[in-house]
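Chains as they are written, first to last, in the numbering used here: chain A, 1 to 371; chain B, 1 to 403.
These are calculated hints, taken from the structure and not from any lab test.
Any given hint could be a false lead.
What the hints assert, rightly or not - In silico DMTMM-like pairs for lysine to aspartate or glutamate, Cα to Cα no more than 20 Å straight-line:
#, chain 1, residue 1, chain 2, residue 2
1, A, K61, B, E52
2, B, K45, B, E108
3, A, K61, B, E108
4, A, K37, B, E329
5, A, K124, B, D47
6, A, K61, B, E329
7, A, K124, B, D49
8, A, K84, A, E47
9, A, K61, B, D49
10, B, K16, A, E47
To be verified - What follows is a list of derived Cβ distance ranges for each label pair:
#, chain 1, residue 1, chain 2, residue 2, range
11, A, I297, B, R100, 48 to 58 Å
12, A, I297, B, D221, 31 to 41 Å
13, A, D127, B, W9, 46 to 56 Å
14, A, I350, B, S167, 54 to 64 Å
15, A, I297, B, A53, 38 to 48 Å
Glycine included, every Cβ here is placed at the ideal spot set by N, Cα and C.
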Amino acid sequence: MIRAFKIGLMIELTNRKNMFSILIVMCIVFGCMFYIKSQAIGDGVVEKRADFYSAQAALSKFQVVDASENGDGSDLYKNLNQQKSAVALQIATLKFEQPPLYFETSLRIADLREKAFDLEEYEKVADLYPSRIKNTMNQLYYTFLVEDGSRGIQEPLHYFPFLLYFFSLIGAWWYVFISFYTSSILLDDFEHSSLIKGFPIRFDQYIFTKCITAFLYILSFIVVIFICALPLLRNGQGDARYPVAIYNGEPALYTTLQYIGIGIFYMLLISIFVMLFSIILNVLLKNMYLTLFVHVILFSLPTMFPALIQFIPYNPFHFMNFNQVLRGVPLELTVPVDITMNVGVLVISISIGIMLFIIKTFFSTGKITRT
Amino acid sequence: MWGYFKFEWVQFFTNKKNVAIYCLLLFAVIFYSLRVAPAYDPIEKVDVDEIEARYLTRATFLQDMAMKDLTGSHPSVFMAIDIFNYINPYDQKRLDALDRGDLSAYAEATSEWYDITNSFTYQNGSFFYNPSYYTYGSQYAEDNAFYAYFENAKRYEMFAKADYDLSIALFEQRTALQTLERLLNGPLPVILIGCALLLAIDIVTKDRRNPTILRGFPIADWKKLFVKGFVALLGGIVLFIPILIGIVIIGLQSGFGHFGIPVPYYTANVNWMQEGLLDVMSLGMFFTQCFLLLMMWFIVIITVVLLSSVVFRNELVNLAIGMLIIFGENFYFSRGVGFFWSVENYPTSYIQVGQIVSKIRNYYYMSDQLTVEFGITLLFTSTVIVVILMMVIALNSRFKMVK
Numbered sequence: 001m002i003r004a005f006k007i008g009l010m011i012e013l014t015n016r017k018n019m020f021s022i023l024i025v026m027c028i029v030f031g032c033m034f035y036i037k038s039q040a041i042g043d044g045v046v047e048k049r050a051d052f053y054s055a056q057a058a059l060s061k062f063q064v065v066d067a068s069e070n071g072d073g074s075d076l077y078k079n080l081n082q083q084k085s086a087v088a089l090q091i092a093t094l095k096f097e098q099p100p101l102y103f104e105t106s107l108r109i110a111d112l113r114e115k116a117f118d119l120e121e122y123e124k125v126a127d128l129y130p131s132r133i134k135n136t137m138n139q140l141y142y143t144f145l146v147e148d149g150s151r152g153i154q155e156p157l158h159y160f161p162f163l164l165y166f167f168s169l170i171g172a173w174w175y176v177f178i179s180f181y182t183s184s185i186l187l188d189d190f191e192h193s194s195l196i197k198g199f200p201i202r203f204d205q206y207i208f209t210k211c212i213t214a215f216l217y218i219l220s221f222i223v224v225i226f227i228c229a230l231p232l233l234r235n236g237q238g239d240a241r242y243p244v245a246i247y248n249g250e251p252a253l254y255t256t257l258q259y260i261g262i263g264i265f266y267m268l269l270i271s272i273f274v275m276l277f278s279i280i281l282n283v284l285l286k287n288m289y290l291t292l293f294v295h296v297i298l299f300s301l302p303t304m305f306p307a308l309i310q311f312i313p314y315n316p317f318h319f320m321n322f323n324q325v326l327r328g329v330p331l332e333l334t335v336p337v338d339i340t341m342n343v344g345v346l347v348i349s350i351s352i353g354i355m356l357f358i359i360k361t362f363f364s365t366g367k368i369t370r371t
Numbered sequence: 001m002w003g004y005f006k007f008e009w010v011q012f013f014t015n016k017k018n019v020a021i022y023c024l025l026l027f028a029v030i031f032y033s034l035r036v037a038p039a040y041d042p043i044e045k046v047d048v049d050e051i052e053a054r055y056l057t058r059a060t061f062l063q064d065m066a067m068k069d070l071t072g073s074h075p076s077v078f079m080a081i082d083i084f085n086y087i088n089p090y091d092q093k094r095l096d097a098l099d100r101g102d103l104s105a106y107a108e109a110t111s112e113w114y115d116i117t118n119s120f121t122y123q124n125g126s127f128f129y130n131p132s133y134y135t136y137g138s139q140y141a142e143d144n145a146f147y148a149y150f151e152n153a154k155r156y157e158m159f160a161k162a163d164y165d166l167s168i169a170l171f172e173q174r175t176a177l178q179t180l181e182r183l184l185n186g187p188l189p190v191i192l193i194g195c196a197l198l199l200a201i202d203i204v205t206k207d208r209r210n211p212t213i214l215r216g217f218p219i220a221d222w223k224k225l226f227v228k229g230f231v232a233l234l235g236g237i238v239l240f241i242p243i244l245i246g247i248v249i250i251g252l253q254s255g256f257g258h259f260g261i262p263v264p265y266y267t268a269n270v271n272w273m274q275e276g277l278l279d280v281m282s283l284g285m286f287f288t289q290c291f292l293l294l295m296m297w298f299i300v301i302i303t304v305v306l307l308s309s310v311v312f313r314n315e316l317v318n319l320a321i322g323m324l325i326i327f328g329e330n331f332y333f334s335r336g337v338g339f340f341w342s343v344e345n346y347p348t349s350y351i352q353v354g355q356i357v358s359k360i361r362n363y364y365y366m367s368d369q370l371t372v373e374f375g376i377t378l379l380f381t382s383t384v385i386v387v388i389l390m391m392v393i394a395l396n397s398r399f400k401m402v403k
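Just chain B, with the same shape it has in the complex (with noise of 0.2 Å):
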């Protein structure tokens, strides 16, 4: 057994196309975190000019209709004196702990000016949120920047009770850790998934090759199969290794971060503009979540492609197979859909590894039932289910690993 496990594992790594993967992988991590990372231009961020420039034309505003007389003015002249009044003091705030220094009192006025800016700007119709949120045909923008503004009104509250160093990096995450929670939610699971897949591809059909050194392993094909699931398994968490690489690179640039920085996630979808609509959790927990998911989704992935190696024995099959499984998603997909359908019962809705756990996704469907600890049941039920198909084939008499 350790004989035939070692050697999966030799072939395994010295596959010409493993090797590459490897490689690719390090070598768009290294171009990302030395190209990419460092011109990371966030929408949120801390702007004084800007907070200056809108300052400043408020305040100019309320000065000139101080001095008239308003008899008979246009109704939303009153509403705007009345916003601007309310919401200038906030803005100065932030102006002033900037020029002190003040990140806390800065972090603080933020979170409350978020708070406010959200409650009178979301479909109002005379408001708009940050003008870069609005690009030309995009449908959600007004959704989109809603969402953020509640994230980021929560995030600023907890730094302003943090018992840690605050910099602006931190405000704009910017910090190594950081970057790789932006990225989970972004395209990372599936780039990440997507390498497991072309790892773990050939793991059977490449027996085909050398037959005749095989015959020296007394072992049962099942047992084979599930060494080969295992080997694949590690190859799967070697992939973690550029990812490493790349936070260490940009860790060095612009700070690691660690793991006590607040995540906000999603927590309701019913009751808008209410208290609550978001929690935090802590940066570890949120990578802890992650990482069992996509642990899971490499162990789908693998049972699913030994699988259908034991059954269609064609390596193109295999790859469509995955295909499938991993952008399932797209084909139904779209903005609160959750509302209609029970999106949470499809294993492929929860591939968006990142925005499961931070629970975005279940903004954008408009659910509240996409859950990790229901996606890991789920993933789990599936992977036994394609497990014990794999068995009831490999334990038949007439089963033949390679042909």
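With the rest of the complex left out, here is chain A (with noise of 0.2 Å):
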């Protein structure tokens, strides 16, 4: 078994895909670095522009009357207007540099928002505004932000802002990046089956030699993430305490630090699950590119046809996008579906269990066979 495993980790040591993944990681790191200053992100008088745009395209599909308190105007479109005038404030306190102004402003918009959910006619403007969710969980982040009234905003390029800004996209890429990686985890040693036939091991204790050998890897472009990042400590460190809006069945807080570290744990299982799945496809197809159109293709099904995850929510696939689960999108579908990581990680597991033991009885019997 030991020696197994450490001829195992002898054969992927010169593996060049392994160097050459985490060459990619590391251009993937530095890429969204650039990408961040390339498109401004984190930039609020930009982003608040926008807003101000749709508040000014929002007030267009309206006639214009009188918006005071007691003008003749709808309940929707004072409040519209009062928005307009507050981004209009907010972009202000942002030029000035006025963090607890700005909070408090922001705070005024999501309540101003929160209310103009229930007046009458709101879907008329609806396109322009963010979703119900969305708002409940900025009212909550401002609300703390306002009430803890010591914290500034966050640069995105000091280390901890970048990492949570990583994180919080790496959920649509990770499934993608592990499946290319193990797309080929056993087809390459149907190439020198000679090597593993020389010594007497079950299929089952190979494949899980050959699991933890990936698995280490796995962790390896995780640490490479952190490290990549190091040259940001140049800029600043952040707060690594700073919240983070999260929905987990109902808005939540959590701090940077924890955000990171759940999506390192969710990044893990996915990993574990794309894993044993590359095996099973790469021994029924035995062809690295079908078990990569595979992959690709059920990843992307729920994506492309919003309503499958109505139809079937608990389909481990939904949940591989966790920023996505985590930021509340499935509420925002035309017809709402209540999924939350916790479940999530509920059915991965259990699907894991499923897989392992399909391996387990369905596959143990057979040879390593040349292709």
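Reconstruct the complex from the two isolated chains, following the hints.
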């Protein structure tokens, strides 16, 4: 067993694919920094200006009337007007760098939007404003920041804010990346099968050693992310305890560190899931690309046909893009579906159990054969 | 040589992965043409209700104001009266033309309507484009609408002069060839180039599996590489067959269109609001240029895969390098960045083939340097460099294609 493990590790160490995958992770981390810079992400003034245009466009759908307290405009019209002036104030507070005032105006906007959802004719302008769940999360977030009173606005190119940004995007790509990485997990060894046949180990043991080596590499990918972000410490560390609003059945606040922590936990769980699934597909299809296609199709089906999520809510593939579930995106669908990552962990764990069982019972007798 | 070509050809088209790619593409095309294309809902459509609602509101306003004493009114009232008096006749002409079914007159009035509306709407603050442009979080809604209005103005201007039959489907770009044009401006180039990459990816590394058969061909390695590249290129051209099937399906539903349909393209970026911001070419010209650029991209991707196969000998590495080339532009693309950097010198900037030909990419980049000719030259130069590198390696006496 140990000997098999050692040989497996030796084979993997000489495999160019692993070094290259690490290189790709590095490229993506540095590319992400570049992307933040070029897209001006986190530049509040640019983002709020889009809000301002939205508010203006929403108002253009109404006849211009007196919007004062006792004016003859509808309630929604008055509300939208107040929002517009609040957004203008928000931009001003950003320009003059007044974080406490910025949080207050942001909270005020969130409160106004909260009221607007229940007003008549809201569906007319719904496209131009954030969804209800998103707004509730904003409300919670800014309430905390206003009450705390001691925090500023985070710079996206500091260490922790960058990691937060990175881990809040990675969900969509992690599954794809790991399926690339593991798509030929057994096929490589079908090619030097004589090496493996040299010593008698059972197929399940062999797969186990294989998984452990792959898993070690996956761990090293995550470590590489943290290491590659280190140069950002020159800009500053940022606040590791800065809050993040998430949805886990109800809107809640996590600290940056907590968010990164659960992100890594989900990523590891997803990696195990993908790895086992790749093994099954490898044995069945005996082709790297077919494995990859099946992976990508199953992953992208819920995105292309959101109705599927409502039809089969507990399909494990709905939880692979964990950032979206944490943002409460399933609640924004035309027919809202209340799925959370807590259920997701359960579903993924059960699927892992089932796949382990399948591999153990059906594949253990199979000799490793050359394709 | 011919024997080896036939051998590679058969291997290429019996490869499970390649068959899967063609099948998936065909499936996607059929799905698109049966389900997605008929549901296409353009922002700028021929909509009598929309025109009528706007026209009647403005006409009522003008009537109300005509009866009032306006001394001391807000200046914006005067502005509104001026503008409405100016634009309303055009809306009326459009409605009349639609009533009569005179599409040529409609096109003429609509062209002017777009031009005039654009001139008083852009960065005005009191007027807005069609609300569908503004969605939550879109920063460039107004710029996009500005361009779309200009484009429509130009398109309708050409339709007004047309000597072929006009139809609503033609105005709303629903015909098969116009659908292809829209797709080429959208995701299609990346999909096709990605498919070409996937087709070519194992063309060298697959030889590991049956080295003994290959010894039966007494051909130099560099010749083998060229044959492989050629087969992969032919395989790339076969990708157009599913697309043609899609065109036929859409064409049977909403008409085929023809190659004389005008396609506006962007000409300058400095003198805003000037006559000649857009020019037109024919749809046939558009397709020819797109096809040339796409072919150039196929060749680049295939030669890069060949080079990386002889250097790294690993399919995943090929895939990663190919992906980096295809998606490389996303790392630096942002609106107006061409004003500061010479983005036209990076070959990756030319990946959005349709947008390069219709030059809307220049509008996004705020640069007037990205042209089809320069793109082809640049891609050709890169190909030559890659091929030279490949030859240097393949002609080395210690080189073995299969280890």
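Results of checking the hints against the structure:
1. Note on A/K61 and B/E52: the hinted pairing holds, with a Cα-Cα distance of about 16 Å set against a maximum of 20 Å.
2. Taking the CA atoms of B/K45 and B/E108, the gap is near 15 Å; set against the 20 Å cutoff, the hint holds.
3. Restraint check for A/K61 and B/E108: the C-alpha separation of about 28 Å exceeds 20 Å, so the hint is violated.
4. This hinted pair checks out: A/K37 and B/E329 have alpha carbons roughly 14 Å apart, not beyond 20 Å.
5. About 19 Å separates the Cα atoms of A/K124 and B/D47, which keeps this hinted pair within 20 Å; it holds.
6. Between A/K61 and B/E329 the CA atoms are separated by roughly 37 Å; this puts the pair beyond 20 Å, and the hint is violated.
7. A C-alpha spacing of about 17 Å is found between A/K124 and B/D49, which places the hinted pair at or below 20 Å, so the restraint holds.
8. Of the supplied pair hints, the one linking A/K84 and A/E47 holds, its CA atoms being roughly 14 Å apart against a limit of 20 Å.
9. Between A/K61 and B/D49, the direct Cα distance comes to roughly 16 Å. Compliance with the 20 Å bound is thereby established for this hinted pair.
10. About 47 Å separates the Cα atoms of B/K16 and A/E47, which puts this hinted pair outside 20 Å; it is violated.
11. In this structure the hint that A/I297 and B/R100 lie 48 to 58 Å apart at CB holds, the actual value being about 51 Å.
12. At roughly 37 Å, the beta-carbon separation of A/I297 and B/D221 lies within the given 31 to 41 Å, and the hint holds.
13. The hinted window of 46 to 56 Å between A/D127 and B/W9 holds, with their beta carbons roughly 52 Å apart.
14. At about 56 Å, the beta-carbon gap between A/I350 and B/S167 stays in the expected band of 54 to 64 Å.
15. Separated by about 44 Å at the C-beta atoms, A/I297 and B/A53 satisfy the suggested range of 38 to 48 Å.
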